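Construct the complete structure from the given sequences, taking the supplied hints into account.
Protein chains: 2
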Amino acid sequence: MNRAGRDDSREVLVIRSDARSMETRERILAAAAIEFADRGYAGASIALIAEKSATGKGLVQYHFKAKSDMALAIVRSAFSEAPFANLLGVDSAHGLEAVVASIRSVAGAFRDDVMVRAAVRLMREYHLIPVTLPTPYVGWIARIGGLLREAEVAGEIHPGLDPDREAWHLVAYFSGVQEISNRLSAREDLPERIEEMLARALVTLGAVAPDRYL
Amino acid sequence: MNRAGRDDSREVLVIRSDARSMETRERILAAAAIEFADRGYAGASIALIAEKSATGKGLVQYHFKAKSDMALAIVRSAFSEAPFANLLGVDSAHGLEAVVASIRSVAGAFRDDVMVRAAVRLMREYHLIPVTLPTPYVGWIARIGGLLREAEVAGEIHPGLDPDREAWHLVAYFSGVQEISNRLSAREDLPERIEEMLARALVTLGAVAPDRYL
Chain R
1 MNRAGRDDSR EVLVIRSDAR SMETRERILA AAAIEFADRG YAGASIALIA
51 EKSATGKGLV QYHFKAKSDM ALAIVRSAFS EAPFANLLGV DSAHGLEAVV
101 ASIRSVAGAF RDDVMVRAAV RLMREYHLIP VTLPTPYVGW IARIGGLLRE
151 AEVAGEIHPG LDPDREAWHL VAYFSGVQEI SNRLSAREDL PERIEEMLAR
201 ALVTLGAVAP DRYL
Chain Z
1 MNRAGRDDSR EVLVIRSDAR SMETRERILA AAAIEFADRG YAGASIALIA
51 EKSATGKGLV QYHFKAKSDM ALAIVRSAFS EAPFANLLGV DSAHGLEAVV
101 ASIRSVAGAF RDDVMVRAAV RLMREYHLIP VTLPTPYVGW IARIGGLLRE
151 AEVAGEIHPG LDPDREAWHL VAYFSGVQEI SNRLSAREDL PERIEEMLAR
201 ALVTLGAVAP DRYL
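Here the protein sequences come in this chain order: R and Z. For what it's worth, UniProt numbering labels the leading residue of the first sequence as 1, then goes sequentially. For what it's worth, UniProt numbering labels the leading residue of the second sequence as 1, then goes sequentially.
Hints were generated in silico from the structure; no laboratory data involved. Owing to the predicted nature of the structure, the values given are computational and were not obtained by experimental measurement. There may be inaccurate statements among the hints.
Claimed, not checked - Example chain R residues on the side facing chain Z (calculated, C-beta under 8 Å, incomplete):
no. : residue
1   : A42
2   : A172
3   : Y173
4   : R183
5   : L184
6   : R187
Ideal placement from N, C-alpha and C gives every residue a C-beta, glycine not left out.
Here's what the structure looks like:
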């Protein structure tokens with residue numbers, strides 16, 4: 001594919017312009033995210049990704065050797081980079097307020113951000129993907145654990161809890177809520193279910209003033 | 001495959017004996033469950049299932065036209081029939097005690113029963129399977145909703161809760177706990193995480209005597 005003709009000449013132009021190349025890469029990933037979110041890893045078609053991103057198959061393969069590289073790039077971009085990573089800690093919020101904001105923002109991204117939806121589906125289909133994807137959940141659990149430590153110091157929650165264990169349970173509960181909401185309502189009831197979840201979680205955390213966060 | 005030779009003569013024997021046929025079918029399903037649990041839907045091999053169940057490919061295909069029929073039979077058998085269905089309501093238990101027993105039993109089956117583990121993995125991979133699998137979760141949510149109604153009447157939990165909504169949340173929380181325990185510890189910490197979950201859930205349900213159940 002990279003041996004001759006139209007695609008090669010395009011590639012020369014791309015290599016000359018880093019900004020243009022980055023922009024093309026992003027366009028390919030955006031098209032790939034839609035494919036992966038809709039059809040999953042096995043169903044996603046490189047030809048359709050090339051078509052949807054208005055590039056050629058050669059250019060797609062210049063950026064991503066294999067479909068698995070594309071999957072990895074999407075999972076990394078969704079979970080480690082903006083906007084998702086930013087959701088984990090809103091700068092202006094601390095302690096319990098930041099925990100609640102983070103859970104709401106992540107739920108919003110699961111519903112509305114096609115990059116995150118693609119990444120979530122790819123993580124579910126990890127058995128099919130011949131590269132090692134990042135371990136899910138651990139980053140978010142650690143982040144929430146840190147925020148719960150802040151909350152405890154600030155006297156916002158029951159003293160003497162194990163913040164890391166509570167963080168594990170918050171992320172587990174969140175994960176189940178989004179999964180069942182996805183399977184039973186295509187995530188239509190997710191915002192409502194998240195609020196119900198937060199109300200219950202604030203009780204188990206012994207939040208001093210739960211209504212402040214709801 | 002069914003045209004001549006050894007497999008055909010075996011099949012004649014099987015048709016003559018319903019009990020023998022049922023036994024063969026169960027043996028095939030047991031072998032298929034191991035394959036599906038270990039390799040998933042896409043990776044499971046009919047040839048290996050025939051080998052592991054000590055049958056021939058012809059006999060496997062006599063019982064199951066396609067791999068998807070086998071998947072459907074496993075999901076139905078795991079979720080609608082014994083032993084899983086029995087776990088949903090232990091006869092001797094009622095109300096909150098039955099809710100707790102049901103959650104513990106289902107967690108045990110997720111960890112130890114290969115039929116249930118295969119079914120759980122197949123449900124996750126439903127996108128890949130060209131038959132309609134039963135809708136997950138709804139049966140269990142309804143069952144727990146009924147038990148919570150009993151618990152409310154018996155004064156075991158906070159009055160005025162919506163039993164169906166609480167049941168939805170218990171099943172969602174359970175689902176996330178087993179998912180994260182699976183991903184981060186291959187379900188090794190599942191029993192401990194389930195006990196932690198039950199302790200938290202009993203608080204949000206306003207259980208009158210939570211220690212009775214833990």
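Hints and how they fare:
1. A42: Constraint on A42 of chain R satisfied, holds at 6 Å.
2. A172: 4 Å, holds
3. Y173: Since chain Z brings a Cβ to about 5 Å from Y173 of chain R, closer than 8 Å, the hint holds.
4. R183: At 6 Å from the nearest chain Z Cβ, R183 of chain R passes the 8 Å test, so the hint holds.
5. L184: 7 Å, holds
6. R187: Nearest chain Z Cβ about 13 Å off; hint violated.
Checked against the numbered hints given earlier, the structure breaks only hint 6 and satisfies all the rest.
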